[in-house]
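Next come the chains, spelled out residue by residue.
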Amino acid sequence: MNKTVNQKAWFFVIPVVVLVAFNAVIPLMTVVNYSVQETFGNNEFFWSGLDWFKQILHSDRFHQALRRQLIFTFTILAIEIPLGIAIALTMPRKGPWVSVCLVLMALPLLIPWNVVGAMWNIFALPKIGFMGHVLNSMGFDFNFTRQPGDAWFTLILMDVWHWTSLVVLLAYAGLVSIPDAYYQAARIDGAKPFAIFRYIQLPKMKRVLTIAVLLRLMDSFMIYTEPFVLTGGGPGNSTTLLSIDLVKIALGQFDLGPAAAMSLIYFLIVLLLSWLFYTLMMRGEEE
Amino acid sequence: MAKITLDNLRHSYMENPQSAEDFALKQIDVEWDDGGAYALLGPSGCGKTTLLNLISGLLKPSHGRVLFDDVDVTDQQPDQRNIAQVFQFPVIYDTMSVYDNLAFPLRNHGVDKVEIDKKVHEIAEMLELTDRLKTRASGLTADGKQKISLGRGLVRSDVNVIMFDEPLTVIDPHLKWQLRSKLKELHEQIHRTMIYVTHDQTEALTFADQVVVMDEGVVVQIGTPIDLFERPKHIFVGHFIGSPGMNVLACDIDNGKVRVGGEVIEVANADGFNANGCEVVVGVRPEFVSFVDKGGIEVDVTSVADTGRHRVVAVKKDDLELKLLLDEEDELPEGKSRIAFDADKTRIYADGWLVEQEGNK
Numbered sequence: 467m468n469k470t471v472n473q474k475a476w477f478f479v480i481p482v483v484v485l486v487a488f489n490a491v492i493p494l495m496t497v498v499n500y501s502v503q504e505t506f507g508n509n510e511f512f513w514s515g516l517d518w519f520k521q522i523l524h525s526d527r528f529h530q531a532l533r534r535q536l537i538f539t540f541t542i543l544a545i546e547i548p549l550g551i552a553i554a555l556t557m558p559r560k561g562p563w564v565s566v567c568l569v570l571m572a573l574p575l576l577i578p579w580n581v582v583g584a585m586w587n588i589f590a591l592p593k594i595g596f597m598g599h600v601l602n603s604m605g606f607d608f609n610f611t612r613q614p615g616d617a618w619f620t621l622i623l624m625d626v627w628h629w630t631s632l633v634v635l636l637a638y639a640g641l642v643s644i645p646d647a648y649y650q651a652a653r654i655d656g657a658k659p660f661a662i663f664r665y666i667q668l669p670k671m672k673r674v675l676t677i678a679v680l681l682r683l684m685d686s687f688m689i690y691t692e693p694f695v696l697t698g699g700g701p702g703n704s705t706t707l708l709s710i711d712l713v714k715i716a717l718g719q720f721d722l723g724p725a726a727a728m729s730l731i732y733f734l735i736v737l738l739l740s741w742l743f744y745t746l747m748m749r750g751e752e753e
Numbered sequence: 129m130a131k132i133t134l135d136n137l138r139h140s141y142m143e144n145p146q147s148a149e150d151f152a153l154k155q156i157d158v159e160w161d162d163g164g165a166y167a168l169l170g171p172s173g174c175g176k177t178t179l180l181n182l183i184s185g186l187l188k189p190s191h192g193r194v195l196f197d198d199v200d201v202t203d204q205q206p207d208q209r210n211i212a213q214v215f216q217f218p219v220i221y222d223t224m225s226v227y228d229n230l231a232f233p234l235r236n237h238g239v240d241k242v243e244i245d246k247k248v249h250e251i252a253e254m255l256e257l258t259d260r261l262k263t264r265a266s267g268l269t270a271d272g273k274q275k276i277s278l279g280r281g282l283v284r285s286d287v288n289v290i291m292f293d294e295p296l297t298v299i300d301p302h303l304k305w306q307l308r309s310k311l312k313e314l315h316e317q318i319h320r321t322m323i324y325v326t327h328d329q330t331e332a333l334t335f336a337d338q339v340v341v342m343d344e345g346v347v348v349q350i351g352t353p354i355d356l357f358e359r360p361k362h363i364f365v366g367h368f369i370g371s372p373g374m375n376v377l378a379c380d381i382d383n384g385k386v387r388v389g390g391e392v393i394e395v396a397n398a399d400g401f402n403a404n405g406c407e408v409v410v411g412v413r414p415e416f417v418s419f420v421d422k423g424g425i426e427v428d429v430t431s432v433a434d435t436g437r438h439r440v441v442a443v444k445k446d447d448l449e450l451k452l453l454l455d456e457e458d459e460l461p462e463g464k465s466r467i468a469f470d471a472d473k474t475r476i477y478a479d480g481w482l483v484e485q486e487g488n489k
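Sequence order for the protein chains is G and E. First residue of the first sequence? That's 467 in this note's numbering, and the numbers climb one at a time after it. First residue of the second sequence? That's 129 in this note's numbering, and the numbers climb one at a time after it.
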């Protein structure tokens with residue numbers, strides 16, 4: 467049998483190839499290019515091999531930023547995921563309140579990120595901000611611009627406020643997709659509310675929760691705008707997360723080589739963590 | 129195990145039902161014996177599932193009572209009623225093994241471990257799931273999952289009633305046969321009251337001792353499969369059961385004499401009948417119409433459909449159209465032919481309902 471050879475189809479792939487090249491491959495390769503070279507300006511580059519990578523991997527500054535980043539990410543995950551599920555469980559499934567709740571939940575997601583940062587900055591200011599003022603008048607010595615603990619508290623509160631809604635909406639979508647028959651069967655089987663949650667709701671939400679965890683993991687690892695507006699990484703370096711540190715190196719100090727090497731390491735860490743979480747959460751999923 | 133009584137049961141999904149149309153179930157008064165196998169048969173939307181959910185307690189009736197062994201359970205929750213129900217689509221607990229799925233209702237009711245193990249193995253044996261007990265339930269095929277659902281319904285030995293809501297809809301045809309005879313077999317083994325909802329007459333007639341035919345929220349007839357076939361109480365039952373359904377023929381009635389297609393025919397229940405303005409029709413199943421050499425009604429054959437064991441012959445005379453069954457070996461008459469009805473099996477219906485008479489009650 468003769469097989470018709472027709473390579474014209476490749477022609478139609480060109481737009482995608484061009485698009486991906488411009489928005490992903492070329493920028494990434496530029497970064498790879500910078501990461502293995504040294505420059506002293508004048509557009510002169512010298513080969514430096516893996517020196518920058520070694521330097522970043524051995525630098526205390528990077529270790530500290532990474533540690534802060536991991537603490538931040540895991541703290542917000544530990545708060546947002548259970549809280550999101552809990553809120554989704556209490557939301558109504560039918561009736562006029564559904565849309566009210568959904569709109570309320572979606573509101574924080576619609577606010578521009580720098581506005582979120584500015585809002586919380588003002589909200590938490592010790593003298594004039596509502597939260598800062600209330601906390602201080604209650605006897606707490608709250609000042610997020612001076613005390614690292616307070617800065618962290620505000621930062622995490624801000625992220626929880628901003629992003630728990632996403633988890634809520636995803637978990638809610640998972641919950642409403644469970645057919646009534648499951649609840650009916652469970653009632654007839656005599657299942658207690660916790661058993662219904664454990665054996666019906668949680669397994670049925672697993673896929674959307676995986677998405678929620680991955681999104682929050684990646685987004686929180688790359689978070690920049692809000693902490694930058696809120697604390698600018700301070701006081702001192704106490705809230706300098708990876709992205710803020712990276713921008714300082716790349717654009718503040720204009721150290722292109724180390725910044726490029728750090729970007730790649732940063733990228734690989736996000737990739738590795740996402741893969742790890744995905745594999746862990748999808749374990750035992752044969753279908 | 130229990131006798132089930134539905135007393136004056138009505139249900140509406142609306143808050144303030146006004147007319148009869150607002151009720152999904154109009155009026156149900158039924159008594160079901162302990163240990164019987166019943167089928168609820170009717171077209172989609174006739175109220176079968178509503179009735180089932182009222183019995184299981186997933187719904188609370190707008191009016192009337194549900195009694196198990198003369199105890200009023202109308203206000204009880206499903207878990208208090210001690211019942212089992214199998215749904216149209218398989219409900220399984222994905223993260224559990226097949227064993228844990230089957231054990232789940234028992235564990236919730238605080239049965240001790242040894243007893244659970246014994247029951248689970250017994251049920252798994254009946255459903256041929258023994259070799260899969262350790263596997264995760266989510267990995268099974270649709271019919272395997274539905275077997276688990278069935279198993280969870282059957283595993284508790286103390287349930288008052290087991291209800292099946294079209295449980296074989298998602299099952300492949302060849303497995304349907306298997307599972308259906310399995311259910312029948314199980315019923316004979318454990319003798320528990322079973323209610324089986326379906327819109328498939330074959331399923332209902334093979335499973336049940338007593339079939340409850342429903343239409344538009346009312347019970348039209350309760351009877352054995354043979355009753356339903358030979359003495360349908362309403363033309364709906366005649367239509368719905370049997371393939372093809374009962375012939376419903378327009379007729380003139382005058383002084384106890386019934387005329388169809390201009391000829392006087394003998395029927396079983398017209399003696400002394402007075403129409404009183406009701407719309408009267410004659411109902412006769414295709415099985416009880418045959419070709420004759422003389423007498424009867426002269427008709428033209430319009431089409432013949434071969435179903436394998438029989439041929440379905442459609443005949444016509446002016447406005448009169450009906451079907452009859454002809455055995456494979458019998459000869460199909462050519463051109464004009466004559467047909468006659470079996471008088472014992474031919475009945476008149478007034479406004480859709482069978483005309484009841486002293487003589488043949």
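Think of the hints as simulated: they come from the structure by calculation, not from any bench. We treat Cβ as the ideally placed atom computed from N, Cα and C, and that holds for glycine. Treat each hint with caution, since some may be false.
Take a look, some chain G residues computed to stay more than 10 Å from chain E by CB distance [to be verified]: (1) M495; (2) F511; (3) P548; (4) L555; (5) N580; (6) L601; (7) S603; (8) P645; (9) Y648; (10) I654; (11) D655; (12) I666; (13) K670; (14) Y690.
Just a few of them, taken from the derived set where beta-carbon distance is under 10 Å, the chain G residues facing chain E [unchecked claim]: (15) A572; (16) P574; (17) P578; (18) R653; (19) A661; (20) R664.
Going through the hints against the structure:
1. M495: Correct as stated: the minimum Cβ-Cβ distance to chain E is 43 Å, above 10 Å.
2. F511: Given that every Cβ of chain E is farther than 10 Å from that of G:F511, nearest at about 56 Å, it holds.
3. P548: For G:P548, whose nearest Cβ neighbour in chain E is about 18 Å away, the distance exceeds 10 Å, so it holds.
4. L555: holds (18 Å)
5. N580: At roughly 42 Å from the nearest Cβ of chain E, G:N580 sits farther out than 10 Å, so the non-interface label holds.
6. L601: holds (43 Å)
7. S603: The claim holds: G:S603 sits with its nearest Cβ about 49 Å from chain E, beyond 10 Å.
8. P645: Its Cβ does come within 10 Å of chain E, the nearest being 7 Å, so this is violated.
9. Y648: Violated, because the least Cβ-Cβ distance between G:Y648 and chain E comes to about 5 Å, which does not exceed 10 Å.
10. I654: violated (5 Å)
11. D655: Incorrect as stated: the minimum Cβ-Cβ distance to chain E is 4 Å, not above 10 Å.
12. I666: violated (7 Å)
13. K670: violated (7 Å)
14. Y690: It holds; G:Y690 is separated from chain E by about 38 Å at its closest Cβ, greater than 10 Å.
15. A572: Not OK, violated: G:A572 not within 10 Å of chain E, min 29 Å.
16. P574: violated (32 Å)
17. P578: At about 40 Å, which exceeds the 10 Å cut-off, the nearest Cβ of chain E leaves the hint on G:P578 violated.
18. R653: With Cβ-Cβ at 5 Å, under 10 Å, it holds.
19. A661: Holds, because the Cβ-Cβ distance from G:A661 to chain E comes to roughly 7 Å (cut-off 10 Å).
20. R664: Because about 8 Å separates G:R664 from the closest Cβ in chain E, which is inside the 10 Å limit, the hint holds.
Violated hints, in rising order: 8, 9, 10, 11, 12, 13, 15, 16 and 17; the structure is consistent with all others.
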